[in-house]
Amino acid sequence: MDGSVTNMEVDPVSNTDGQVQGNSTKPYIENLYSNEPKRCFHGVVELKFAVIGSERCKASVIEQGCVARLLQILRAPDSGLLLKTEVVTVLNSLAKGLPEHAASLVQAGVLPVLWEQLEACGLCNVQSNASQYVTKVTFNGKNSTTNSTSDNTSINLNNTNNTLNNNSNMNDATNNNNNSNGCHKPNNTEQQQQQHKLLRIISNYTQILLCCLRSVYKQGCVPPPPSWNHKLLSTLIKYGYHPPTNQECVANILAYACKCEEQQVQLVDAGAGDLVAAMLHSSLSRVQLPALYCCTALAHRNQAVSQRLCKIKYNGVLLPDRLVELLGSHGDSFVQLAAAAALVWLHRGHALPHSDTRVCHKTLQCLVRLCAIDRPAWLRIEAGHELAHLTELTPELQKVASYTDHLISTITDFLEYNPIGDDPGPTAEHLSPLSCGKYDQVHKFPELMKESGLLVYASLAANNEEIRQKIIMEPCVVRSIRDALATGKSPVKLAAIRCLHSLSRSVHTLRTTFQDYNVWKPLLAIIQDQEAEDEMVVVALSTLCNLILEFSPSKERILEHGCISQLCSLTRKQNYDLKLNSVWALMNIAFQADSSVKEKILQQLGTDQVCSLVSQGDSPIVMKTLGLLRNLLSNKYHIDNIMKQHGSQIMQSVILILEGDHNTQVKEQALCILANIADGDQAKEFILGSEDVLEKLFNYMRMPSLELQLASTCCIANLANIKDNNAVDRLLRLREMKTEKLLDNLLSTQDPNLYDKVRDTLKQFDVLNTNSSQQQQQTSSSNTTVTSNTTTTTTTTTTNNSSSSSSSSNNSNGSSSSTPASHWRPLDQGQ
Amino acid sequence: GVIGTKMADGCGTSRVSNVGVFPPPDDLNPFKTLYPMVNEKDTPLPRSWSSKDKYTFIGLSQNNLRVHYKGFGKTHKDAASVRASDPIPAACGLYYFEIKIVSKGRDGYMGIGLSMQGVSMNRLPGWDKNSYGYHGDDGHSFCSSGTGQPYGPTFTTGDVIGCGVNMVDRTAFYTKNGVLLGTAFRDLPNNLYPTVGLQTPGEVVDANFGTSGPFVYDLRYKLHEVRESVRQTILSHPVCLPHQCDHDGWDNGRWTDIMNRMVSGYLVHHGYCCTAEAFSKATDMDFDEEITSIKNRQRISSLVMDGNLGGCIATVEHLYPSLLKDNPNLHFLLKVRQFIEIVKGTEQNSAIIRSSNGSSSNGSNSSNGSTSNGTTTAVANGTDTCDDTAAAAANNTTTMKTANHTSVIQSTKSILSSTNINKLSRSSSRNNNNNNDDNNDDDEDDEDEDSVDDDDTSSNSEQRLNQLNTDRTTRASQLMAPLLAAEQQQQQQSSVRLDDSSPPTIDAASSASSSSNNPRQRRSSTSPSPPPPPLPPISSTTTSTQQQQDSDIEMEGIEDEEDASNHSNVSAGGAVLHSIHNVPLPAGAPSGGTGAAASGGSSASRTMNGVSNGFNRHGDEEDMIVDDDACSDVLTTRNGFSSSPTSALNSSTRPVGTHTNTNSSSNSGTGTARRKSQVEKVLAFGRELQSVSQHLKKTHGKNKTNKRMLQDAFSLLAYNEPDNSPMGWQLDTAQREPVCQALNSAILEAQNLPSRPALEVCASHTQQLVSLMSRSGLGAAAFTHLSSILQHDPKPFVPENTYSMPEGGVGMPADGDFTMPISISSTPSDGGGGGVVVGESCSSSSSSTSVLSLSTTTAATTVTAAAAASTSASSSGSREQVASCSSSGSTKRDRTFDDESSDDTASSNPRAADASTSSGVSGSCSSNNNNADG
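Read top to bottom, the protein sequences are chains P and G.
Per this note's numbering, the first sequence starts with residue 1, numbered consecutively.
Per this note's numbering, the second sequence starts with residue 1, numbered consecutively.
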C-alpha cells in the first residue's frame with residue numbers, strides 16, 4: 001500500500017526534476033554513486049521510477065554502465081535489504097525491456113549475483129531468527145536515523161524515512177534481542193512483531209529476486225548456467241511452493257533454464273518434479289501454465305526423467321492424471337495445450353505407452369480439438385506441432401489420429417490458411433519457452449500454419465499406406481508441398497520435405513504423383529545447394545533414397561543429373577546423418593545398377609573412403625557401407641570386374657570388419673559380401689587364396705549364431721559351386737581344409753534353411769567322389785544359388801529393420817526422420 | 001467393458017460439476033443425468049430395441065438389447081434392421097448410444113445409425129430416404145443413399161461404435177472405441193430412431209442406450225461444446241424493446257427502469273417491505289401498494305408458512321373481512337391446509353385465543369419452515385419493530401413459531417446441529433422478553449445452572465418412556481404436540497404479562513414433564529422464537545443438553561401460571577389434554593411439587609380457552625358424514641374412550657404424589673387417552689371441514705379439486721405414521737407454499753393489484769418457452785436451463801493480490817508485470833442505485849437480498865431464454881411479449897447484484913428460491929402466458 005502511494009506522489013516530483021535538469025537523468029545517477037547510503041537509496045528509488053516502462057531510459061541507463069554500480073551495491077556487505085530490494089527492482093525493470101537489455105544485463109554478470117543473493121536469503125530464512133543477518137537488513141545504524149528528519153524535500157521522502165525509521169528501530173530492537181540472547185525479554189510481543197516485519201522484508205526481497213531472475217530468463221537470452229549448484233537449486237525449488245508469485249517465477253525460471261539432459265536430471269534430483277506436481281494443483285492458470293512448461297521441459301526427450309515424473313504423486317493424484325484433468329474442456333485452451341504437450345513428451349519419453357487411454361484418447365483428442373477451425377491460429381499451430389510430435393513414431397497413434405474427428409481434412413485448412421479479420425496473436429505469457437517470439441508477426445501466420453500442417457501430415461503418413469493415400473487425395477497437399485519447396489522459407493521447406501519423405505514411402509505415389517510433379521528436382525537442388533542447412537539436406541537425402549529406388553521412375557532422371565558425385569562428397573561430411581543418408585542413397589543407387597553406375601560410384605567414392613566409412617565405430621553407417629559393397633558386388637560379371645580393380649582394398653575392409661568388435665548383424669553383412677565375392681569367377685581367389693580368410697569363415701561356422709552360420713555356409717557354398725570353372729580344384733582345397741567335417745557338424749541344426757544349405761553344399765563334394773552325372777549336380781547347384789538368394793534377402797530385411805529403428809532413436813535427438821522406413825528396404829543384393 | 005470403466009475412473013477425479021461421469025455408474029436412473037430436460041411422460045427415451053419394429057430376420061435377446069441376424073444373408077436383399085422402442089426426444093440436446101460388435105459374423109455387413117419410422121426394415125440404415133448409417137464393412141457413411149461416402153475406419157468384432165445426435169444443430173457423429181470420428185451427417189430430421197442393420201449370418205451386436213453402464217466415449221467434451229454454443233447463441237442474441245429497434249443505441253434508461261420495476265414488484269409482492277422501500281428510494285421509483293398493506297400480507301404469508309392456518313384465517317378475516325367470503329374456495333383451501341397441519345401436529349387452532357387476547361396475530365416474519373438460521377430471527381425482530389402493533393403481539397408471533405417447531409419431529413442429529421441456533425434464538429427470545437419484562441433476566445440465569453442437574457434424570461426418564469411407548473403412543477404424543485405447544489405458549493404469554501420473578505425450584509419437575517414427552521416437545525416449549533430446524537420425519541430418543549436448558553426457560557413461564565390460574569373456563573377436554581401432557585412423568589423424577597401440577601392445571605385451563613371455543617363453534621355438527629374409512633375408524637376410537645377425560649382431569653388436579661402414581665400405573669392408558677383426545681380434536685375439525693365442503697358444493701356446485709383435496713387430507717388419518725405414508729407429501733412444509741401463494745394473490749387481487757409479480761410472470765414465460773422449444777423439437781432446450789444461463793460468468797480477470805507491497809516506499813515495478821488489484825465492486829452508472837440498495841437491505845434482511853439477486857437474475861434470464869426461443873423462430877410471436885418485461889442491460893446489472901450479494905447467496909433462502917420456481921411452474925397459467933403461446 002505504501003508503495004503505491006509513493007509511486008503516485010513521486011512521479012510528478014521526479015518529472016519536474018527531469019524538466020528542470022533538461023536533457024538527462026543525471027542527478028539520481030550521481031546519487032546512485034554516492035557512498036552515503038541514504039542518498040544512494042534515493043538515487044536508486046528515483047532510478048526505478050525513471051526506468052519503469054521506458055525502453056529508451058532503460059537503454060541509456062544500461063549504456064551509462066549503471067548496472068555495474070547496482071551490482072556493486074548488491075554485493076556490498078553493508079547494504080541494507082531495503083536498498084537491495086530497490087536495486088533488484090530496478091534490475092527487474094531493466095530485464096523486462098528489450099531482449100538486448102536483458103542480454104547486456106547478463107553480460108554485466110547479473111545472474112551470479114542474483115543467485116548468490118537468493119542463496120543468502122535462503123540461509124537467512126533457514127535461521128528464522130536471523131540474528132547475524134539482521135545487521136545487514138537495513139542501513140547500518142546511525143546515518144539513517146539521524147538524517148531521517150533532516151532533509152525531506154518531498155512527501156515521498158518523508159514516507160521513505162518513516163519506514164526507514166521503523167526499520168532502524170527494529171534493527172535496534174533486534175540488536176537488543178541479540179544482546180539478550182537467552183533471557184526472556186518482557187516486551188516479547190513487540191519483538192515478535194518486529195521479527196515478523198523482518199521476515200516480511202526478507203520474503204519481499206526474495207520475491208523480487210525471483211521476479212528479476214524470471215524476467216531475465218524469460219527473455220531467452222540466458223546461456224544455460226554452467227553448473228547448477230544442487231544447494232542453490234534446492235533453495236530455488238523450496239521457494240517455489242508458497243506464494244503464487246514465487247510459484248510463477250520459479251516455474252518460469254525452471255522452464256526457461258532447463259535445456260539439456262544434465263539439467264533435467266539435476267532438477268528432478270533437486271525436487272523439481274514434486275514442485276511441478278504441486279504447482280499443477282494450483283487453481284491459477286498463471287501458475288499452472290509455467291508449471292506445465294516446466295514439466296514439458298523436464299520430460300523433453302529424456303526417458304529417465306519422464307519415467308520419474310510419471311510416478312510423482314501430489315495429494316494422491318499421479319502427475320499424468322492431473323495433466324489429463326487439465327486437458328478438460330472447462331479450462332483455458334492454452335492450459336489444455338500445455339498439458340497436452342507435457343503428456344506428449346511423457347509419452348515420447350516412453351513413460352506412457354501409446355495404448356494408454358490418457359495418450360491415445362485424451363491427449364490425442366484434445367490436440368485434435370485444438371486444431372479445429374474455431375481456435376485461434378497460434379493455438380492451432382502449436383497443437384499441430386504437438387500432434388506431429390505425438391504421432392511421429394507410433395504407427396498405432398498415427399492410425400487413430402488419422403480417423404479422429406476428420407483430422408486429415410481439418411489439416412488441409414492449415415495449408416491454405418487465410419487470416420480472416422484479425423486473428424489475435426497469443427499473449428506472451430501463454431507461450432511456451434520453445435515458441436516464445438514465434439508469433440510476433442501476424443503476417444507470418446500462414447507460413448507457420450503451413451509448416452505445422454505439413455508436419456502433421458509427415459507424421460501421419462510415416463507408416464501407413466492407407467493414410468498416405470488419404471492425404472495425397474487431398475488436392476491441396478501436393479500443391480502446397482510444391483509451393484513450399486519452390487518458394488518457402490526454410491522451416492516450411494523443411495516441413496514440406498519431411499512430408500514428402502513420408503509420402504515417398506508409397507510405391508503408388510512414387511510412380512504417379514511424384515512423377516507427375518517432378519518432385520526430385522527441388523530435392524536434388526537442395527542436396528546440391530552448398531549453403532543449405534544440414535538438417536534440410538538430411539531430410540532431402542532420405543527422401544531421395546526412396547526416389548532412387550529401382551522401381552521409381554525418377555531414378556534415371558536423378559542419375560542423369562549427376563547426383564552420385566554429390567552423394568559421394570556428402571559421405572565426407574562431418575554430420576553423421578548426412579554421411580549415413582548419403583551412403584544409404586548410394587547403396588540404393590547401386591542396387592541392380594549398370595556397371596557404369598557402379599564404376600562411377602567406386603570412382604567417386606574411392607576405396608579409401610570405403611575403408612574409412614567401414615572403420616567408423618558406428619554400426620548404421622558401417623551397415624550401409626557394407627550394404628553398398630554388397631550391392632556393388634552383385635552380379636558375377638560385376639564382381640570380377642570390381643574385384644579386379646579394388647579387390648585388395650575391399651578384402652581389407654571386410655577383414656577389418658570380421659576382425660573388429662562388431663555385432664552379429666555387421667559381421668553377417670561382411671560374410672555376405674564374402675559370399676558375393678565367392679560368387680565371382682576370379683574373385684573366388686581372394687578368399688581361397690587367403691588361408692586367413694578361410695579360417696575366419698570356418699570360425700564363423702562354428703559360432704553359435706544362426707545368422708553367421710548361415711552367411712558363412714553361403715560363402716562356402718558359393719566357393720564350392722561346381723558350376724563355376726575349376727570347381728574341382730576348389731573343392732579339393734576345401735576338403736583339405738576339412739570343410740566337410742565342419743559342414744557335417746552343422747547338419748545337426750534345427751534351422752531348415754541352414755540344413756538345406758549345408759546338405760546342398762555337402763552334395764557338391766560328391767563331385768570329387770563320382771565324376772559322373774554332372775547334369776544332376778548342375779541343377780542342384782542352381783537350386784543352391786536360389787536359396788542363397790532368399791536367405792540373404794531375409795537377412796537384409798532384418799538388418800534394415802534394426803537400422804531404421806536406431807535411426808528413429810536418432811530422430812528423437814532432433815535430426816528428424818531421416819531414413820527410409822523399414823519396409824522401404826533399399827534392396828541391396830541380388831544377382 | 002474394460003475401457004469403459006477405465007474411462008470412468010479417469011474422469012471421476014476431474015471437476016466437471018454438473019455433468020459428471022457419463023452416465024454415472026450405479027445410477028438408478030441414468031437418463032436423469034444424461035438427459036435432465038427430457039420429460040419421459042411425453043417423450044419416452046429409447047431404452048431397448050423394439051420387438052415389433054423390426055424385420056423378421058432380426059432376433060432380439062437380453063432384454064431386447066442384443067440383436068442377432070437370423071436370415072440367409074445371401075444378397076443385400078436379405079438385409080434386416082431394427083429400430084429402438086422410441087424416437088430420440090429433441091430435449092435430449094445431445095443424444096448418444098453405443099453399439100458393441102459382439103461378432104462380425106460372416107462378412108460384417110453391419111450398419112449403425114438412425115432412421116425414421118416407416119423406413120423399410122429390409123434394408124441397412126442409410127440406404128433409404130430418412131435413414132442414416134455407418135457401415136462396418138467399408139467404413140463409409142450412408143446418408144439416405146445407396147452409395148456411401150468415405151467416412152471412418154471399418155469396424156469389426158470387439159469394436160464399440162457410438163452414435164451421437166446433436167439435436168441443436170441437427171448433426172450426427174460417430175465414435176469408434178472411444179475415439180471421435182467427427183460429423184457424419186447434417187440437417188437431420190426430427191423423430192429419428194436409433195437403428196441397427198445386419199446382413200450376414202452370425203452378426204451379433206449389443207446396444208447401450210445409457211442404461212448398461214458408462215459409455216466408452218467420454219461424452220463430456222462434446223456436451224461442453226454443445227452447451228457452450230447454445231449459451232453463446234443466447235448471450236449474443238440481440239434483445240430489444242418493442243418500438244425501439246429502429247434506434248441505434250438502446251435506451252438504457254428505459255431498460256433500467258423496467259428492470260427496477262420488476263425487482264421492486266417482486267419485493268413488494270413477497271412483502272420484503274424494508275428492502276422494497278430501500279430499493280425504491282435508491283431507484284426513485286414508487287410502488288403502488290401501501291406499506292402497511294404489504295406488511296399485512298407478509299404477516300399472513302408467514303403465518304401460513306409457519307403452518308399456523310388458524311391464525312392466518314383469523315388474521316385474514318380481521319384485515320380483509322370480505323376476502324374469504326368472496327373466495328369460498330380459497331377459504332376451503334385454507335381450512336384443508338389447517339386440517340393437514342393439525343394432523344401434522346403444527347396447527348394449534350388457537351385463533352380465538354389470540355383474538356381474545358386482544359391483539360391480532362402478528363407474523364411479520366419472513367422466515368420459513370425449512371431454513372433455520374439466526375438471520376431469520378433477526379429479520380423477525382426487525383420487522384416486528386417496524387410494526388406499530390403491540391409488542392405483546394410480537395411475542396405472540398414468536399410463540400406461534402414455537403408451535404411450529406413442536407410439530408417438527410426431529411432426529412437427534414438435527415437437534416444437535418441446531419444447538420447453536422437454539423442458543424441464538426434463545427437469546428433473541430430473551431431480548432424479546434426483556435422488552436416487556438426486565439426481571440426475567442436474572443431468573444433465567446439461575447435456571448440455566450439448575451438445569452444441568454436435571455440432565456441425567458430427564459434423559460433416563462426419556463429412555464424409559466421410549467421403551468414403554470408403543471408405536472401408537474408415540475403417534476399419539478405426536479398428535480398431541482400442537483396442543484401442548486399451545487398450552488406452553490399460554491404459559492409463556494402469561495409469564496410475560498405477569499412480570500413475575502420465579503423461584504427455580506419447580507424447574508425440575510416441569511422440565512421432567514417436558515422431557516417425558518418427545519424431545520421435540522421440549523424443544524418447542526423452550527425456544528419461544530423461531531429456530532425452525534430441518535424436518536426429518538422420525539422422532540428421536542436422545543436428549544441434548546441444550547434442549548434441557550432451553551426447557552428451563554419455558555418453565556419459568558409455567559411457574560408464572562401459578563398466579564395466572566385465575567383464568568377460568570376449564571373444560572373437560574382441555575383438562576384431558578393437559579393431563580396427558582403430565583401423565584408420563586416418571587416415578588423417579590424429582591418432584592416439582594405443587595408448582596408443576598398447579599401450573600399444569602392453569603395452563604390447561606388457558607389452553608381450553610382456545611380449544612373449547614373452537615369446539616363450541618363447530619361442535620354441534622356431530623352428524624357429519626365421513627365417507628372415509630380412516631375417519632370412521634377414528635370416530636369409533638373416540639367413542640370408546642369417552643370416559644377417560646374425567647379421570648385425566650382428576651389426575652391433573654391432584655397434587656404431585658398422586659400424580660406420579662397415576663402415571664406409573666397406567667402407561668398404556670395414557671397412550672390411548674392421548675391418541676383419543678387428539679383424534680377427537682382432529683375429528684371435530686374434520687367434520688367442520690366436511691360441512692364446509694358440503695356447503696360449498698351446495699352453493700357453488702361440484703368442484704373436483706376441492707373434493708380431491710379433502711380426500712387426500714382425510715386419507716392421512718388412515719395411517720399410523722402419516723409422515724411415511726403415501727399421502728405424507730401433504731405434510732411437507734413445502735406444500736404450504738401454494739396455499740400461501742394463492743392467499744397472497746387473492747389478497748392482491750382483492751386490492752386490484754396484479755396477482756403475480758412481473759418477475760414471476762417473466763420466469764414462467766421462460767419456462768413455458770423452454771418447454772415449447774422442446775415440444776417443437778428444438779434441441780437447444782436441453783441446455784437452456786434458467787439457472788445455468790444465470791451462472792454466466794464472463795470471467796473478468798481478477799488478479800490475486802499476491803504482490804504484497806514491500807515496506808515503506810518500495811513500490812513494485814509497474815512494468816507491465818505487476819497488475820494492480822482491480823476493484824470489482826465498481827458498479828455501472830445506471831446500476832449504481834441498485835448496488836446501494838442491496839447494501840442497505842443487507843443490513844435489514846439478508847434473505848431478502850438473496851431474493852433480490854435471484855429476482856434480478858431471473859428477469860435477465862427470461863430475456864435470454866426468450867432470445868433462445870426466438871432464435872429458434874417457432875415462437876417469434878412470444879418474443880416481444882417477454883422482451884417487454886426485460887432489459888438488455890440486464891446482464892450487466894445482475895452481475896452487479898451478484899457481486900454484491902454473492903456472499904449472501906451462499907446462505908440464501910431456499911424458500912425464496914422454491915417460491916419463485918414453484919411459482920414459475922404453477923404460475924404458468926396466468927393470462928400472459930396464453931399470449932405467449934398464442
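Some clues are possibly wrong.
Each computed DSBU-like pair below joins lysine-lysine, with the alpha-carbon atoms no more than 30 Å apart [to be verified]:
1. G:Lys74 / G:Lys41
2. P:Lys470 / G:Lys129
3. G:Lys698 / P:Lys399
4. G:Lys222 / P:Lys470
Because the hints were derived from the structure by calculation, they are not lab data.
Do the hints match the structure? See the list:
no.: 1; hint: G:Lys74 / G:Lys41; verdict: 42 Å, violated
no.: 2; hint: P:Lys470 / G:Lys129; verdict: 29 Å, holds
no.: 3; hint: G:Lys698 / P:Lys399; verdict: 81 Å, violated
no.: 4; hint: G:Lys222 / P:Lys470; verdict: 26 Å, holds
Consistency with the previously given hints fails for numbers 1, 3, ordered from lowest to highest.
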